[in-house]
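K.L.:
Given next are the chains, with one letter for each unit.
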Amino acid sequence: MKNSFYKKHLVDITHLNIEDIRILFKRASEIKKIVELKGGDNRLQGKIMATLFYEPSSRTFSSFVTAMQRLGGGIIPLFSMFNSSAVKGETLEDTARVFSSYADLLVVRHPELGSVRQMARYSSVPVVNAGDGIGDHPTQGLTDLYTIQQKFGDLNKLHVLFIGDLGHYRPVNSLSKLLSLYPQIRISFVSPKEVPIQDGLKKYLVSKKVKFIEANSFENILANVDVLYVTRVKKEYMTESLYHKIKGSYVLTNIFANSMKNNSIIMHCLPRIDEISHDVDSNSRAVYFSQQVRNGMYVRMAILDMILRKN
Amino acid sequence: MKNSFYKKHLVDITHLNIEDIRILFKRASEIKKIVELKGGDNRLQGKIMATLFYEPSSRTFSSFVTAMQRLGGGIIPLFSMFNSSAVKGETLEDTARVFSSYADLLVVRHPELGSVRQMARYSSVPVVNAGDGIGDHPTQGLTDLYTIQQKFGDLNKLHVLFIGDLGHYRPVNSLSKLLSLYPQIRISFVSPKEVPIQDGLKKYLVSKKVKFIEANSFENILANVDVLYVTRVKKEYMTESLYHKIKGSYVLTNIFANSMKNNSIIMHCLPRIDEISHDVDSNSRAVYFSQQVRNGMYVRMAILDMILRKN
Amino acid sequence: MKNSFYKKHLVDITHLNIEDIRILFKRASEIKKIVELKGGDNRLQGKIMATLFYEPSSRTFSSFVTAMQRLGGGIIPLFSMFNSSAVKGETLEDTARVFSSYADLLVVRHPELGSVRQMARYSSVPVVNAGDGIGDHPTQGLTDLYTIQQKFGDLNKLHVLFIGDLGHYRPVNSLSKLLSLYPQIRISFVSPKEVPIQDGLKKYLVSKKVKFIEANSFENILANVDVLYVTRVKKEYMTESLYHKIKGSYVLTNIFANSMKNNSIIMHCLPRIDEISHDVDSNSRAVYFSQQVRNGMYVRMAILDMILRKN
Numbered sequence: 001m002k003n004s005f006y007k008k009h010l011v012d013i014t015h016l017n018i019e020d021i022r023i024l025f026k027r028a029s030e031i032k033k034i035v036e037l038k039g040g041d042n043r044l045q046g047k048i049m050a051t052l053f054y055e056p057s058s059r060t061f062s063s064f065v066t067a068m069q070r071l072g073g074g075i076i077p078l079f080s081m082f083n084s085s086a087v088k089g090e091t092l093e094d095t096a097r098v099f100s101s102y103a104d105l106l107v108v109r110h111p112e113l114g115s116v117r118q119m120a121r122y123s124s125v126p127v128v129n130a131g132d133g134i135g136d137h138p139t140q141g142l143t144d145l146y147t148i149q150q151k152f153g154d155l156n157k158l159h160v161l162f163i164g165d166l167g168h169y170r171p172v173n174s175l176s177k178l179l180s181l182y183p184q185i186r187i188s189f190v191s192p193k194e195v196p197i198q199d200g201l202k203k204y205l206v207s208k209k210v211k212f213i214e215a216n217s218f219e220n221i222l223a224n225v226d227v228l229y230v231t232r233v234k235k236e237y238m239t240e241s242l243y244h245k246i247k248g249s250y251v252l253t254n255i256f257a258n259s260m261k262n263n264s265i266i267m268h269c270l271p272r273i274d275e276i277s278h279d280v281d282s283n284s285r286a287v288y289f290s291q292q293v294r295n296g297m298y299v300r301m302a303i304l305d306m307i308l309r310k311n
Numbered sequence: 001m002k003n004s005f006y007k008k009h010l011v012d013i014t015h016l017n018i019e020d021i022r023i024l025f026k027r028a029s030e031i032k033k034i035v036e037l038k039g040g041d042n043r044l045q046g047k048i049m050a051t052l053f054y055e056p057s058s059r060t061f062s063s064f065v066t067a068m069q070r071l072g073g074g075i076i077p078l079f080s081m082f083n084s085s086a087v088k089g090e091t092l093e094d095t096a097r098v099f100s101s102y103a104d105l106l107v108v109r110h111p112e113l114g115s116v117r118q119m120a121r122y123s124s125v126p127v128v129n130a131g132d133g134i135g136d137h138p139t140q141g142l143t144d145l146y147t148i149q150q151k152f153g154d155l156n157k158l159h160v161l162f163i164g165d166l167g168h169y170r171p172v173n174s175l176s177k178l179l180s181l182y183p184q185i186r187i188s189f190v191s192p193k194e195v196p197i198q199d200g201l202k203k204y205l206v207s208k209k210v211k212f213i214e215a216n217s218f219e220n221i222l223a224n225v226d227v228l229y230v231t232r233v234k235k236e237y238m239t240e241s242l243y244h245k246i247k248g249s250y251v252l253t254n255i256f257a258n259s260m261k262n263n264s265i266i267m268h269c270l271p272r273i274d275e276i277s278h279d280v281d282s283n284s285r286a287v288y289f290s291q292q293v294r295n296g297m298y299v300r301m302a303i304l305d306m307i308l309r310k311n
Numbered sequence: 001m002k003n004s005f006y007k008k009h010l011v012d013i014t015h016l017n018i019e020d021i022r023i024l025f026k027r028a029s030e031i032k033k034i035v036e037l038k039g040g041d042n043r044l045q046g047k048i049m050a051t052l053f054y055e056p057s058s059r060t061f062s063s064f065v066t067a068m069q070r071l072g073g074g075i076i077p078l079f080s081m082f083n084s085s086a087v088k089g090e091t092l093e094d095t096a097r098v099f100s101s102y103a104d105l106l107v108v109r110h111p112e113l114g115s116v117r118q119m120a121r122y123s124s125v126p127v128v129n130a131g132d133g134i135g136d137h138p139t140q141g142l143t144d145l146y147t148i149q150q151k152f153g154d155l156n157k158l159h160v161l162f163i164g165d166l167g168h169y170r171p172v173n174s175l176s177k178l179l180s181l182y183p184q185i186r187i188s189f190v191s192p193k194e195v196p197i198q199d200g201l202k203k204y205l206v207s208k209k210v211k212f213i214e215a216n217s218f219e220n221i222l223a224n225v226d227v228l229y230v231t232r233v234k235k236e237y238m239t240e241s242l243y244h245k246i247k248g249s250y251v252l253t254n255i256f257a258n259s260m261k262n263n264s265i266i267m268h269c270l271p272r273i274d275e276i277s278h279d280v281d282s283n284s285r286a287v288y289f290s291q292q293v294r295n296g297m298y299v300r301m302a303i304l305d306m307i308l309r310k311n
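Residue numbers (our numbering), protein chains in the order written: chain U, 1 to 311; chain E, 1 to 311; chain F, 1 to 311.
Mixed in with the good hints there might be a few duds.
DSS-like mimics (lysine-lysine), calculated; alpha carbons at most 25 Å apart, straight line [to be verified]:
{"#": "1", "chain 1": "U", "residue 1": "7", "chain 2": "F", "residue 2": "7"}
{"#": "2", "chain 1": "E", "residue 1": "33", "chain 2": "F", "residue 2": "310"}
{"#": "3", "chain 1": "U", "residue 1": "7", "chain 2": "F", "residue 2": "33"}
{"#": "4", "chain 1": "F", "residue 1": "33", "chain 2": "U", "residue 2": "310"}
{"#": "5", "chain 1": "F", "residue 1": "7", "chain 2": "E", "residue 2": "38"}
{"#": "6", "chain 1": "U", "residue 1": "310", "chain 2": "F", "residue 2": "7"}
{"#": "7", "chain 1": "U", "residue 1": "38", "chain 2": "E", "residue 2": "7"}
{"#": "8", "chain 1": "E", "residue 1": "310", "chain 2": "U", "residue 2": "32"}
{"#": "9", "chain 1": "E", "residue 1": "310", "chain 2": "U", "residue 2": "33"}
{"#": "10", "chain 1": "U", "residue 1": "7", "chain 2": "F", "residue 2": "32"}
{"#": "11", "chain 1": "U", "residue 1": "33", "chain 2": "E", "residue 2": "7"}
{"#": "12", "chain 1": "E", "residue 1": "38", "chain 2": "F", "residue 2": "310"}
{"#": "13", "chain 1": "F", "residue 1": "7", "chain 2": "E", "residue 2": "33"}
{"#": "14", "chain 1": "E", "residue 1": "32", "chain 2": "F", "residue 2": "7"}
{"#": "15", "chain 1": "E", "residue 1": "8", "chain 2": "U", "residue 2": "38"}
{"#": "16", "chain 1": "U", "residue 1": "8", "chain 2": "F", "residue 2": "38"}
{"#": "17", "chain 1": "E", "residue 1": "7", "chain 2": "U", "residue 2": "32"}
{"#": "18", "chain 1": "U", "residue 1": "2", "chain 2": "F", "residue 2": "38"}
{"#": "19", "chain 1": "E", "residue 1": "203", "chain 2": "U", "residue 2": "38"}
In case anyone wonders, no lab produced these hints; they're calculated from the structure.
Based on the sequences and whatever the hints tell you, model everything.
P.N.:
Here you go:
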């Protein structure tokens with residue numbers, strides 16, 4: 001069984017194929033059982049993961065930190081890199097070289113698109129992209145796909161609807177690209193007209209012959225979808241005036257949620273502000289708290305394991 | 001031997017009885033021996049503790065972090081939560097749900113009264129209150145009681161004197177409530193008239209029939225007490241003008257300290273500013289550095305252990 | 001084999017002799033083999049290291065944090081102490097007393113000269129100086145000496161050239177003092193006239209009868225040196241106007257680098273701003289990324305090990 005993650009960077013997810021993903025998800029499910037039984041094991045003893053976060057993110061940080069330690073590894077927990085050598089004027093390239101001398105793996109979050117790829121080029125150890133600006137968030141995309149797969153088994157024939165600020169929301173990019181691997185998938189993108197999906201994603205999906213549509217309202221589509229993926233407006237990535245124009249464009253209430261198929265799921269990669277009403281939390285379709293967060297830990301454990309160990 | 005801490009929150013301490021405390025302190029003393037012998041053990045391997053600190057506190061943070069690791073557990077070391085999702089507008093409820101998916105236990109400090117209880121309601125794992133505004137600080141209260149018990153053995157018949165800013169100092173609340181379990185205890189509260197003990201505490205002590213007095217000077221009481229607990233003025237919880245009015249109201253010098261019984265002890269939960277002179281540090285009655293801090297680690301180890309393991 | 005580091009502070013390095021250093025470097029080389037083979041081991045299980053950083057330094061912090069965990073120890077990862085009790089007005093002495101109750105070893109960085117020695121006086125556990133203002137940085141000095149020794153074997157008869165802001169650069173102090181142990185060593189100090197080496201260092205070297213010169217240009221010396229140590233201008237330790245006057249005084253380009261002996265090495269303790277051109281990075285003489293950083297981890301592992309374990 002080929003482990004195509006071993007010693008490789010995970011900056012983007014376009015190099016992964018269905019078999020790579022199948023193997024990863026198998027590993028995640030095995031690890032899930034171990035965690036449920038005894039919290040974890042020691043397979044990554046002697047390995048150190050450095051988290052280089054140039055943008056605040058308590059949840060992605062924590063997900064990686066818990067994942068690494070549940071497998072017996074150690075951590076270099078750098079949470080606000082702007083309080084560090086960055087302020088002394090060091091380049092990202094030099095930072096990558098230094099930290100890859102200390103750690104066996106770097107997990108990098110950065111507000112600028114392309115920054116993580118740049119660091120990967122100079123790192124002597126694998127780099128995992130934990131979000132690079134409006135670019136990608138591969139471990140979130142894989143978490144989301146795992147959550148969908150756990151629910152539906154077969155990933156073909158599904159209809160996935162994304163709503164919200166699709167222009168700035170990197171998990172949309174990562175998950176959409178992953179979904180494009182499944183030929184019969186259908187995707188609907190619903191956003192305010194100011195923040196549609198990025199051109200790059202659109203071209204990518206066209207090149208992969210994915211059936212997708214773009215729209216500005218979701219009410220008519222809702223009854224047909226298997227997966228509803230709600231996103232937050234990324235306030236920190238836009239002007240104040242744009243934020244005030246588009247915030248609150250879509251709010252998923254329980255009335256809407258109940259109009260969905262019984263067998264459908266509602267996802268959100270959190271934090272949630274007001275785009276999903278709190279009464280939806282207890283809707284049986286809602287998986288964002290009950291499964292998606294926890295799956296993020298299992299999938300990240302699987303990713304760390306497969307990057308750091310051959311077998 | 002019933003472990004009433006197992007899988008329970010520790011937000012307040014009013015649900016604990018004398019037997020619960022006896023069992024906890026027995027565990028703390030066992031753990032103390034293990035730490036002295038070999039630093040710790042691996043009983044909490046596979047368990048992860050998240051520290052969610054919304055208020056700076058290097059010492060409580062560090063006490064929990066060292067406690068968890070000395071028992072073989074891992075940590076999610078979040079120290080300044082205001083640099084995190086909180087700034088994106090997430091509610092405490094959602095934060096509780098997310099972090100309880102990653103960790104086996106949450107340790108929360110927050111400047112607002114009631115906030116920790118609120119998080120506990122939504123957490124799927126036990127929550128330990130590491131200080132909630134002017135509310136409670138149960139692990140400190142238990143540490144303080146353990147320190148007193150180690151000195152005197154029998155907790156009855158003691159006379160405990162608190163001095164300082166009693167209105168804002170949460171360990172006063174927690175320790176007083178614990179002391180109320182011992183029927184013959186006597187408590188004297190001495191504070192500037194602007195910052196007496198809180199009404200809620202007063203009512204609680206009355207309902208428990210505790211013998212206590214309130215006063216504004218401590219000189220006459222000092223010779224009679226077994227335990228003197230000195231507190232810091234909580235500058236961060238009051239106006240500048242109130243601070244300047246009450247700061248320096250009481251300063252424990254060695255002359256005062258030496259007027260105390262030989263067999264008495266002087267406590268402070270630190271940091272100390274100027275309310276205890278430095279020459280008191282070497283007074284044989286002073287236990288704040290020599291015992292109280294270290295006991296904090298042992299008691300927190302015992303609490304983590306009993307919450308996370310049944311036996 | 002006497003371990004003179006055991007249970008001792010490492011605030012300065014002037015108490016170390018050649019035999020102490022030989023034993024330390026032997027340990028570092030043994031540990032290097034273990035790390036290359038399996039990442040580390042568990043010899044420091046049950047030990048906790050607290051990093052008390054009053055000045056940002058992601059790389060020294062990370063080097064210690066990875067070192068401790070690769071030996072099985074735990075960490076109290078305090079990175080920005082100015083967000084902590086310090087703001088409540090606690091003295092360094094009290095902080096030392098508190099943290100030495102939690103941890104088995106304190107690693108302290110502080111912007112003020114003498115502050116770390118002050119803390120060591122009140123700590124009940126060993127304190128390692130991770131940089132105290134314009135004072136010392138002993139673990140960096142030892143790392144640098146180890147890097148030189150690994151290259152040349154015999155440390156006598158070498159010619160070492162330091163260039164840059166020598167007045168504020170503490171590794172210059174630490175390494176120069178260590179070099180003074182080797183009677184035939186020659187040192188050249190080249191700096192802008194505003195930032196020569198400190199008087200204290202000069203007196204120390206004179207007292208040790210070290211052959212050294214001071215100059216303002218390095219071009220003529222370059223062809224004769226075995227070790228070129230380039231330093232960063234410590235912007236944060238000087239006025240804006242002085243910074244603008246001296247920055248860019250020396251820039252090591254590949255043309256200069258290639259004029260050095262084939263068997264020489266170029267060092268820098270990083271972060272590097274613009275004092276070494278990027279094309280020098282691939283020069284065979286450059287060891288700052290390829291060896292110096294990684295050696296920092298091995299040497300710190302050896303130091304932690306020798307301070308915390310007798311054998």
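K.L.:
Determine for every hint whether it applies to the structure shown.
P.N.:
Tested hints:
At most 25 Å may separate the alpha-carbon atoms for a hinted pair to count; residue 7/U and residue 7/F exceed this at roughly 39 Å. Taking the CA atoms of residue 33/E and residue 310/F, the gap is near 21 Å; set against the 25 Å cutoff, the hint holds. Taken as a hint, the residue 7/U and residue 33/F pair is honoured in the structure, with Cα atoms around 21 Å apart against an allowance of 25 Å. Proposed proximity of residue 33/F and residue 310/U is supported: the alpha carbons are some 21 Å apart, at most 25 Å.
Under the criterion of a C-alpha separation no larger than 25 Å, the hint pairing residue 7/F with residue 38/E is consistent with the structure, at around 16 Å. Annotation: proposed proximity of residue 310/U to residue 7/F is violated, straight-line Cα distance about 40 Å (limit 25 Å). Taking the CA atoms of residue 38/U and residue 7/E, the gap is near 16 Å; set against the 25 Å cutoff, the hint holds. Proposed proximity of residue 310/E and residue 32/U is supported: the alpha carbons are some 22 Å apart, at most 25 Å.
In summary, the hint linking residue 310/E to residue 33/U is supported, as the alpha carbons are separated by about 21 Å, within the 25 Å threshold. Using a Cα cut-off of 25 Å, the hinted pair residue 7/U and residue 32/F holds, with the two alpha carbons roughly 21 Å apart. For the given pair, residue 33/U sits about 21 Å from residue 7/E by alpha-carbon distance, which is consistent with the 25 Å threshold. A hinted pair counts as satisfied when its Cα atoms are at most 25 Å apart, and residue 38/E with residue 310/F qualifies at roughly 14 Å.
For the hint pairing residue 7/F with residue 33/E, the CA-to-CA distance comes to about 21 Å; that is within 25 Å, so the pair holds. A threshold of 25 Å between alpha carbons decides the hint, and for residue 32/E with residue 7/F the separation of about 21 Å falls inside it, so the pair holds. With a C-alpha separation of about 19 Å, the suggested pairing of residue 8/E with residue 38/U holds against the 25 Å cut-off. As the CA atoms of residue 8/U and residue 38/F are separated by approximately 19 Å, the hinted pair is consistent with the 25 Å bound.
A distance of roughly 21 Å separates the Cα atoms of residue 7/E and residue 32/U; the hinted pair therefore holds under the 25 Å criterion. For a cut-off of 25 Å, the pair hint linking residue 2/U to residue 38/F stands: about 23 Å separates their Cα positions. Taking the CA atoms of residue 203/E and residue 38/U, the gap is near 45 Å; set against the 25 Å cutoff, the hint is violated.
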